[in-house]
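Trainee: Here is what each chain is made of, one letter per residue.
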Amino acid sequence: MTAPATSRPAGGPARRLRRPRTVTGRRPGSLAVLVITTLLVLVPFLWMLSLAFTPEEAAFGSARLIPSHPTLDNFERAWSDGALGRAMVNSLIVTLIAVVTNCVLAVAAGYAFALLPFRGSRVLFYTLVSTVAVPVSVTLIPLFLMAKTFPLTGGNDITGVGGTGLLNTLGGVVLPYLIMPMNIFLAKQFFDGFDGDMAEAARIDGASELRIFRQVYLPLAKPLVAVVAIFTFTGVWDDFLWPLVVTTSHDTQTVQLALTRFLGSGNVQYGALMAAAVLVTLPVLAVFLFNQRHFISGLTEGSTKG
Amino acid sequence: MTSSPTATEAVLESGRTGRAPRRARRRRGRLTGLWFVLPAAAIVVWFTLVPVFYGLGLSFTQYSPLGRTGPRIIGFDNYVRLAGDADFRQAIGVTVRYTVQVLPVLVVLALLLAVLANKPFRGVGLFRSALYLPHIVSLTAVSMVWLWIYSRDGMVNELLDLVGLDPQRWLHEPGSALTAVSAMRVWKALGSNMVLLLAGLQAIPRHLYEAARMDGANAWQQFRYVTLPGLRPMLVYVVTMDIIYLSQSFAELFVLTQGGPLGETTTANYLIYNEAFQHNELGSASAMAFVLFALIIGFSFVSLRALTGRKS
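Just so you know, the protein sequences line up as chains A and B, in that order. Take 1 as the starting number for the first sequence in the working numbering and just add one per residue. Take 1 as the starting number for the second sequence in the working numbering and just add one per residue.
Isolated chain A (complex conformation) (with noise of 0.2 Å):
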């Protein structure tokens, strides 16, 4: 990525201290402001963590930051009542096919884009990254009739009709995921730091294009990959609107369905519904503290040259 600068916050301790004090200067006031914000972004997740783990009749009124009795029934309920397991199973098969084709197609073509250009290929990357101001509720009808008369599945014909086609399954929940326009973008962005001189070296000794963009540029743009992967991740794992349009069983419900199953009518039974909520987060959390240095630098980066 270009702009290094950026890409760490942090820096190093000594440059920390060289670093001249800017706007506001040391005042006790901002860093007041600042811990009393964090306290009240994270009170909701204490409380999140706290109920999960009370007993359910202990819920109401007695609720306090540190459960009394503190208990794993709300986690096993979450898991059986809800069918969660297969909710999570369903959600991770969606979201590894959609980091996997992101990965790769979207990332390759984010490279031509930058660096193989070709007559036409800057009006065709307008086009595709244009579509990110799409709304959902314009493909939304559409993709669903698409997925409805998708022929020769569900018991449809080769024309399309007769059956319900790829609704209630996960290849018709992954449909929408398989490209994220966002991500050529990004691809494009980072391979626009590059000139092609390593091709064009890679080229004179006779390698494919294939071979240069496999041998020479991958390795160089682990981190892209690493933030096109998050990106798609998260974006799939949390989505609600298209899961809840394609599919109606519990097969093939996705978690962020899965979630809404302990609304149910009336009681609310709030302790399963967090430990439920605990759950479907972990993973999401897991990816990003494995690649938070990736997630941050790359999330500034790929906007600050939007």
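One or more of the hints may lead you astray.
As the list claims (entries may be wrong) - A few chain A residues facing chain B, derived, Cβ under 8 Å:
hint : residue
1    : Pro44
2    : Phe45
3    : Val134
4    : Val136
5    : Leu175
Worth flagging that the hints you see were computed from the coordinates, not collected in a lab. Just so it is clear, the structure is predicted and the values come from calculations on it, not from any experiment. All residues carry an ideal CB built from backbone N, CA and C; glycine is no exception.
Using the hints, position chain B against chain A.
Mentor: Chain B alone, transformed into the frame defined by chain A:
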């Protein structure tokens, strides 16, 4: 591929700073690039661009898939009917109000926090990570937590109880429901906005501040004449993306209020979902989606002009 690692690094470094002339890049690969792009492009065309035109076509039809017949072309009837549709007008109003009341609070707070978290002090990374946490948890899960916070025995009412006030049904009163959801959304989006603005701040060259200080600029003047202009590109990006996301809100309303009370929290996206998948009116729902699309584009355009138009 024959170059030594150091040579590769040298080339890489030069690539990072300087930029080769465009023509050099174009020399080879007239069409090879197309093969790299084709799979991704085909998918975007098939699952995004084609649906846009398909949807546009549907918006001129009457189509209830439960009936035996296919879509019936009715021209502009859907759009004409929408002009007089009280529910749709209310939903657009809710969408605009939601966006307009979340956006300024969100951006100003995030900017404040970004400036504060831009200070070099021990443990600043901890604050950044903590503030970013709500962004990592999905909107659905986060809404569940706030459902409890706003519930009858939830945190907000407990706090009211401490100061001797009566509990409220925050999500069920027409006066407070949308505001309650808005507060949640500010909380949820604060961290990601802050991180983006933080990156914008760090891209501002330090010598500008030194120069300003030498000219005797105080903290506010430095912020006004160095920070804000330098931050403009990132502010434009943040505000535009916020508008696009906020104006399409759905999940938090589905969980927290189901669009109630009395449609007070039924956003346009929510109404479109209901019209299409509860009432099975795919034609008029498509027309609604395109009116929303036009409004989002218009809204983003106006904000873009406002943010980039006047240069100081």
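Trainee: None of the hints should be skipped; say for each whether it holds.
Mentor: Outcome of the hint check:
1. Proximity of A/Pro44 to chain B holds as hinted, the smallest CB-CB distance being about 5 Å (cut-off 8 Å).
2. Hint status for A/Phe45 relative to chain B: holds, with the closest Cβ pair at about 6 Å, below 8 Å.
3. With 8 Å as the threshold, the beta carbon of A/Val134 comes within range of chain B, its nearest partner Cβ sitting at about 6 Å, so the hint holds.
4. A least Cβ separation of about 6 Å between A/Val136 and chain B falls short of the 8 Å threshold, and the interface hint therefore holds.
5. Annotation: interface hint on A/Leu175 holds; nearest CB of chain B at approximately 6 Å, less than 8 Å.
Violated hints: none; the structure is consistent with every hint.
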